[in-house]
Amino acid sequence: MDDIRWKQRFQNFEKAYKKLKKAVDSYKQNPEDDLIQMALIQAFEFNFELSWNLVKDFLEYEGIIVKFPRDTIKEGYQANIIVNGEIWIEMIEDRNLTSHTYNEEQAKKIIDKVINTYLSEFEKLCSYFKERL
159 MDDIRWKQRF
169 QNFEKAYKKL
179 KKAVDSYKQN
189 PEDDLIQMAL
199 IQAFEFNFEL
209 SWNLVKDFLE
219 YEGIIVKFPR
229 DTIKEGYQAN
239 IIVNGEIWIE
249 MIEDRNLTSH
259 TYNEEQAKKI
269 IDKVINTYLS
279 EFEKLCSYFK
289 ERL
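Per the numbering used here: the sequence shown = residues 159 to 291.
Treat the hints with caution; some may be incorrect.
Claimed, not checked - Below 27 Å or equal to it, Euclidean Cα-Cα: the simulated DSSO-like pairs (lysine-lysine) are: (1) K267 with K177; (2) K173 with K288; (3) K271 with K173; (4) K267 with K173; (5) K165 with K180; (6) K165 with K225; (7) K180 with K288; (8) K282 with K180; (9) K288 with K165; (10) K271 with K179; (11) K266 with K282; (12) K177 with K271; (13) K225 with K266; (14) K165 with K176; (15) K288 with K176; (16) K288 with K177; (17) K225 with K271; (18) K176 with K267; (19) K225 with K282; (20) K186 with K176; (21) K186 with K232; (22) K267 with K186; (23) K186 with K282; (24) K165 with K267; (25) K173 with K282; (26) K186 with K165; (27) K180 with K271; (28) K165 with K266; (29) K177 with K266; (30) K180 with K225; (31) K179 with K282; (32) K177 with K165; (33) K232 with K176; (34) K282 with K232; (35) K266 with K176; (36) K165 with K179; (37) K180 with K267; (38) K282 with K271.
It should be emphasised that the hints constitute simulated quantities derived from the structure, not laboratory data.
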């Protein structure tokens, strides 16, 4: 693999995505375990950060300069890298909620979104970049 930043970032994202899937599996087996809930939230935060930076790096590789998550997601959507732009905007909002406040009820709502919505968006992104390696 060439020494290209987005490819390096993709390798990190792919590893983190696998860990997120493990956290989801663990949560499904033991949904009341506080440590598993925290691990799943942390894995979501880490995946989101890596994913938007992956898209940013790829866009820059393609000659499109973006700096912030929201701009990156909008450009990624326009470039057909991101399929569901509105869901990714929701991810920004949920990422901000998880990093700035901790509320158990809010955390469970976000966990539900990670399992039922966000995980598949990360999967689509992973597939997109696997095809480009």
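Results of checking the hints against the structure:
Of the pairs offered as hints, the one joining K267 and K177 holds, with about 20 Å between alpha carbons and a cut-off of 27 Å not exceeded. Pair hint K173 plus K288 holds up; C-alpha atoms about 13 Å apart against a cutoff of 27 Å. A hinted pair counts as satisfied when its Cα atoms are at most 27 Å apart, and K271 with K173 qualifies at roughly 21 Å. For the hint linking K267 to K173, the alpha-carbon distance of about 25 Å falls within 27 Å, and the restraint holds.
This hinted pair checks out: K165 and K180 have alpha carbons roughly 23 Å apart, not beyond 27 Å. Distance hint between K165 and K225 is fulfilled; the C-alpha atoms sit about 19 Å from each other, no more than 27 Å. A threshold of 27 Å between alpha carbons decides the hint, and for K180 with K288 the separation of about 20 Å falls inside it, so the pair holds. For a cut-off of 27 Å, the pair hint linking K282 to K180 stands: about 17 Å separates their Cα positions.
A hinted pair counts as satisfied when its Cα atoms are at most 27 Å apart, and K288 with K165 qualifies at roughly 10 Å. With a C-alpha separation of about 14 Å, the suggested pair K271 and K179 falls inside the 27 Å cut-off, and the hint holds. Distance check on the hinted pair: K266 and K282 sit about 23 Å apart at the alpha-carbon level, within 27 Å; holds. For the hint pairing K177 with K271, the CA-to-CA distance comes to about 17 Å; that is within 27 Å, so the pair holds.
A threshold of 27 Å between alpha carbons decides the hint, and for K225 with K266 the separation of about 30 Å lies outside it, so the pair is violated. This hinted pair checks out: K165 and K176 have alpha carbons roughly 17 Å apart, not beyond 27 Å. A C-alpha spacing of about 14 Å is found between K288 and K176, which places the hinted pair at or below 27 Å, so the restraint holds. Between K288 and K177 the CA atoms are separated by roughly 17 Å; this keeps the pair inside 27 Å, and the hint holds.
A threshold of 27 Å between alpha carbons decides the hint, and for K225 with K271 the separation of about 26 Å falls inside it, so the pair holds. With a C-alpha separation of about 22 Å, the suggested pairing of K176 with K267 holds against the 27 Å cut-off. Simply put, K225 and K282 have alpha-carbon atoms about 22 Å apart, close enough for the 27 Å limit, and the pair holds. With a C-alpha separation of about 15 Å, the suggested pair K186 and K176 falls inside the 27 Å cut-off, and the hint holds.
Taking the CA atoms of K186 and K232, the gap is near 32 Å; set against the 27 Å cutoff, the hint is violated. The hinted pair formed by K267 and K186 meets the criterion: a straight-line CA distance of about 14 Å does not exceed 27 Å. With a C-alpha separation of about 22 Å, the suggested pairing of K186 with K282 holds against the 27 Å cut-off. Our distance criterion of 27 Å between C-alpha atoms is broken by K165 and K267, whose separation comes to about 32 Å.
A threshold of 27 Å between alpha carbons decides the hint, and for K173 with K282 the separation of about 15 Å falls inside it, so the pair holds. Restraint check: the Cα-Cα separation between K186 and K165 comes to about 31 Å, which exceeds 27 Å; the hinted pair is violated. Pair hint K180 plus K271 holds up; C-alpha atoms about 16 Å apart against a cutoff of 27 Å. Note on K165 and K266: the hinted pairing is violated, with a Cα-Cα distance of about 33 Å set against a maximum of 27 Å.
A C-alpha spacing of about 19 Å is found between K177 and K266, which places the hinted pair at or below 27 Å, so the restraint holds. Only pairs whose Cα atoms come within 27 Å are accepted, and K180 paired with K225 is rejected, the gap being roughly 31 Å. With a CA separation close to 14 Å, the supplied pair K179 and K282 stays within the 27 Å bound. Pair hint K177 plus K165 holds up; C-alpha atoms about 19 Å apart against a cutoff of 27 Å.
Pair hint K232 plus K176 holds up; C-alpha atoms about 25 Å apart against a cutoff of 27 Å. Among the hinted pairs, K282 with K232 is consistent with the structure: their alpha-carbon atoms are about 16 Å apart, no more than 27 Å. Between K266 and K176 the CA atoms are separated by roughly 21 Å; this keeps the pair inside 27 Å, and the hint holds. Between K165 and K179 the CA atoms are separated by roughly 21 Å; this keeps the pair inside 27 Å, and the hint holds.
A distance of roughly 19 Å separates the Cα atoms of K180 and K267; the hinted pair therefore holds under the 27 Å criterion. With a C-alpha separation of about 16 Å, the suggested pair K282 and K271 falls inside the 27 Å cut-off, and the hint holds.
When held up to the earlier numbered hints, the structure conflicts with 13, 21, 24, 26, 28, 30 and fits the remainder.
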